[in-house]
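Engineer: Position chain V against the provided structure of chain P, taking the given hints into account.
For the record, the sequence lines run as chains P and V. Under the UniProt record's numbering, the first residue of the first sequence is numbered 1, with each subsequent residue one higher. Under the UniProt record's numbering, the first residue of the second sequence is numbered 1, with each subsequent residue one higher.
Don't take each hint at face value.
[To be verified] One side only, chain V facing chain P, incomplete, derived with CB under 10 Å:
id : residue
1  : Ala-89
2  : Ser-93
3  : Lys-96
4  : Leu-98
5  : Tyr-101
6  : Glu-102
7  : Gly-106
8  : Glu-113
9  : Ser-116
10 : Val-120
11 : Ser-156
12 : Pro-157
13 : Lys-160
14 : Ala-170
15 : Leu-172
[What the hints assert, rightly or not] Stretch by stretch, here's where chain V covers chain P in the computed footprint (C-beta under 8 Å, at least three residues):
id : stretch
16 : 103-114
17 : 643-651
Honestly, the hints are just simulated from the structure, not real lab data. Remember, it's a predicted structure, so these values are computed and weren't measured experimentally. Every residue gets a Cβ at the ideal spot worked out from N, C-alpha and C, and that includes glycine.
Chain by chain, the residues run as shown.
2 protein chains.
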Amino acid sequence: MAIDKYILVTGGAGYIGSHTVVELIQRGFKVVVIDSLVNSSYDAIVRAEYIVRSPIPFFKIDLHDKAALNKVFDDYAIEGVIHFAAFKAVGESAQKPLEYYENNVGGAVALLEVMSTHGVKTIVYSSSATVYGDVSRFKDHNYLPINEKCPTDPVSPYGKTKYAIENIIADLHSSDNSWRGAVLRYFNPIGAHPSGLLGEDPLGVPNNLLPYLAQVAVGRRDKLNVFGNDYDSRDGTPIRDYIHVVDLAQGHVAALEYLKTLEQGQGLYRVWNLGTGKGSTVLEIHAAFSAVVGRELPYNVVGRRAGDVLNLTADPTRANTELGWKAKLTVEDACRDLWKWTMENPYGFQVKNFKWSLFNDPGAEVNFASRLNTFTFGDFSVTIANYGATIQNIAFKGRTVVTSMDKLSLYQSDDNPAFGATVGRYANRIRNGTFSIDGVTYHTDKNWRGHTIHGGSRGFGRQFWLGPVAKSDETHGTLEFLIYDKDGSNGFPADVIATAKFTVDEKSLRLEIEARIPESSPKDVTAVNMTNHVYFNLSSGETIDGTIIKTCTDTILESDPDYLLPTGRVIQYKQKLSESVDLQPSNPIDNCFVAKVDGFKLDTRGDEMQTIVEAHHPSTGFKLTAATTDPAFQIYTGDFVDIGPYKARAGFCVEAQRYLEAINNEHWNKQVILRKGEVYGSDTIYTFSV
Amino acid sequence: MAIDKYILVTGGAGYIGSHTVVELIQRGFKVVVIDSLVNSSYDAIVRAEYIVRSPIPFFKIDLHDKAALNKVFDDYAIEGVIHFAAFKAVGESAQKPLEYYENNVGGAVALLEVMSTHGVKTIVYSSSATVYGDVSRFKDHNYLPINEKCPTDPVSPYGKTKYAIENIIADLHSSDNSWRGAVLRYFNPIGAHPSGLLGEDPLGVPNNLLPYLAQVAVGRRDKLNVFGNDYDSRDGTPIRDYIHVVDLAQGHVAALEYLKTLEQGQGLYRVWNLGTGKGSTVLEIHAAFSAVVGRELPYNVVGRRAGDVLNLTADPTRANTELGWKAKLTVEDACRDLWKWTMENPYGFQVKNFKWSLFNDPGAEVNFASRLNTFTFGDFSVTIANYGATIQNIAFKGRTVVTSMDKLSLYQSDDNPAFGATVGRYANRIRNGTFSIDGVTYHTDKNWRGHTIHGGSRGFGRQFWLGPVAKSDETHGTLEFLIYDKDGSNGFPADVIATAKFTVDEKSLRLEIEARIPESSPKDVTAVNMTNHVYFNLSSGETIDGTIIKTCTDTILESDPDYLLPTGRVIQYKQKLSESVDLQPSNPIDNCFVAKVDGFKLDTRGDEMQTIVEAHHPSTGFKLTAATTDPAFQIYTGDFVDIGPYKARAGFCVEAQRYLEAINNEHWNKQVILRKGEVYGSDTIYTFSV
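If we strip away everything but chain P, and leave its shape as in the complex, we get (with noise of 0.2 Å):
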């Protein structure tokens, strides 16, 4: 059996790391990421998960704790490392010296320690063209633009502990020439990534060009200062080598390929320029970006500043030549790139009323799949964990109005009846775990009572989803989780992509399901049915008896009592729902009603809403309408629940859907076929009032 390798990516959360990350993912490698997260956020990591659809191995680690990243190695087969960690302030590190000296230089010989104990000899290392110093320095030679035999000369603490690792390095490889280190010296990483979920997120007030005027864009701050326009350039302004982010990750991912390409056991120290080789002036690029944002953004000329030089062009011939990379993007994409990443996320990964914790069970390891991801407007305020996309939480007005347990465990346990569940790939139950589209026939994990129920056993509901991808404005917030469940999983044929996009306002959730077949799936077409299985109890006490509950209609699909598998006949439920009913257990319920008998697409959202169940309860006054674009809900009136410290009839559900069982029924399966080119869709609201 092949061992998977690894590349390991330290600082994998920051600004370039996790740039970096997605390319060497999208370009075939394995990952594992460690960050301390002191000067990064781990939402970038989720971000990067979200793009590239798979879950990324995190590890909150310094790399002073030599215990911690011996683990690693130990854990994950690694075979070499890209070096990003290291805190980057030019101005903090004057005047915090000893600090950079001992992360950064300190965390460096802590990381080749750990490698050479381990064998891994391979690292790719994120230096800067800060090495160079003031390359105007040499009265009689001109070194410019700047190839990799410029002298070096770094000035601040900073550029002297990125030199002095590089120098680590190089000794490392005198004293074992079988180690391979390759140096890569960046010159001006600007933009961010094209889909907007990646992007550099400075603390405080930023000490880059192009974060600045983003800022003042957006209207963080009033104007750019220019420091300078009396420099010997075209326009006064100095001259920089800008580089799109995009572009120096995939340096790193050519520098690592390239170092693949070496003889067994054969090593290598070199270095090389990441640059573009074209030098733009502050003007220039204040004049792009204000293109880009379409208006001219303001700006002040001040005097220089102290240690700012006129230029820092790179030649970039050796990457060029020899990794065979070049930079692609232009001035131009940074700046759309980095405009769009700003506008959807004008305070970067910080989402105001946003917050997440992690379940925190006892005992367990810090789990950062175990996410649980808050939105709060006013007095309403939802928590949707990662494992099931499940609402874990809701609360109105300090009460919560849901089933809502604290540990992960209790939800991963058999006894837990899908409390908030994002259930799929197909909910409800599936005869016999058998259906048939185009004369196959697929079986299905007979995950309860011979028959299939929620997706079987490793359904939607029971795996950890990416993302989310939180964002917000002043009046409302999104989280939107995708998961990639693979052909074959639960017996299911096909890959499906399917998100779960959360809205939340000051009084309403909202759940947007989309499912699609990806064009790399090894099969064409499967069967899609999702709902969220969330537990309602608007009463003030510790069962929904008393709930009084209206439905827009009262037909349902006929069920045998025993599996609550459908006859295929619709029929008029016993009660009448839709002239309000006072919930009982005399009269529990657990039926499929049906909101729409005819018109049936599979991506219903751009449909009318409709109201299908209004509810409130005497005790608090709490009302809940439930709406929704699906043709289907079903209503579970809880009998059967008995879980931690919820018992029969703790909560209700109301879970918008496809009708029952579609898949084995030739007259509904339209509502749950899911063919390649083709999207799942629906859309549903819960919204709560007094």
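Structural biologist: Relative to the frame of chain P, chain V by itself:
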């Protein structure tokens, strides 16, 4: 009350560190030393203490152990640091670069952080001329002799770590201008302390010219390899600036004193070369050292060594003018001192047949003052504790023949009847703790039933002695202890410096005692009577009963039976010990026997040894012969012993000494009155046989 301020010396047990510690203390600084002892020996501290005649607080600490380092800063008011601690082998650094970076740079950063935490901002840093690199690399500029403006370019990882740390200190000063950093760039330190007690102790094959030559001289190496004689110099061999280590050490003192001349709050970062300004070739050094040794040492010219350059000579002008420091000693001085060091310590601090350990009382902190120093020759082994210069153990043919305890706390307890202690300043009794010299009456500590015994409650037997200087050859080893007892100690007048030199061979233990009043003493006269109070037991049982003893005389000083104070009369003892007596409980002995009746001298060393006691025990056949130059000896059969496992008659004493209470007898007192300029001395030997 003025707080004593200390200079912390890191790596103070190393070659340059230990010499600097000596110079600092001799210049009046108080010093705390830390050292990991990874590449150094605590014996250097032992020797330094011996030279400066005072204890030096020492902690075995690795700089990475910040908790331990913090505690030193908490416990001592440190005003500045001289930082030596580092790995220093250029060749090794190329093999193990990570270890060098971690130890040197990591250690320095940790030290600076702890200094910063404690507001200690003065550091003298041990750097090296190696940071200049190969000054011949400049084709268009002659940088010789090298001044501090010469560009830097260290080549080896060692040199790079030195340079990195210079930069860290510079950056720290830039971040906070009140820091005071003195960087001292050494040229080639050579030589040893003129006392012959301290010197370079290279482990393995020496990397440097003179240590190598020294090993050739004593036969540890065949011949010197001269790496190239085709350089462009007087004789074709490379030129270096060799500086005597004592001059170098004084350079540190000068730098520290220079920093102390700065205004309150004024900082500095400044680099100084420490060199002589005079270059010597390899062959010139070879000739100089051969001259000292008295024969031409063999050498062989081999090929050039990688990394060697023609000339590294300092321009020490800056240090000469700014620090008021100048190298005073010559290469010839250094060769002479190195040769003395080498002859007297052919294996450096490794002394054949010698080892030391520590009393290891449960729960006690590591206390380097509690050393146990052991020489073993054949099946004869002697252990002397620093506490009391106590004979802690004598083992003969596998059997312990003295009372021996394994806990320092037992030796320090009031119950300890001076087991093995080297007692002084005044052994035995002084009536009413009172005596007069030259008409002045002194009152000493009455620690025994209204009288003084064994010099008082803090007598020499209850203080920690300095040393030992341990030396050995194939046949015997010596341990020299020193105590500096101050005027007024236990009530005695005048400072006294006493030494106890123990010589061990395969069958005997010799103790030479010397005492003087140092020139600096505030008083000019005192009383001295010293002996060792070891308790022998030659039997195989728990008591001495059955020991057959024979003395050289039956003459004793009459004493009263209650207080054992002399009457002034000389009488015959009641038993005929001169004709052999079987020691039995019915005849306890505690009397002062007279070995010489006239010819009294203060320093009896050089007199013929007189056998005073022969003893043996039939159970083992072991025989003890005691001989001395002293005029008297106390025999005590241990009838009042009661400590730990030892009860009455656990051992017997033969304490060679001066006449009992001679100080209060006008006929006898010339034996014990010591005046400034005079020397007190005695010589005693215990020989074992079967």
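Engineer: Hint numbers the structure violates, sorted upward?
Structural biologist: Failing hints, ascending: 1, 10, 17.
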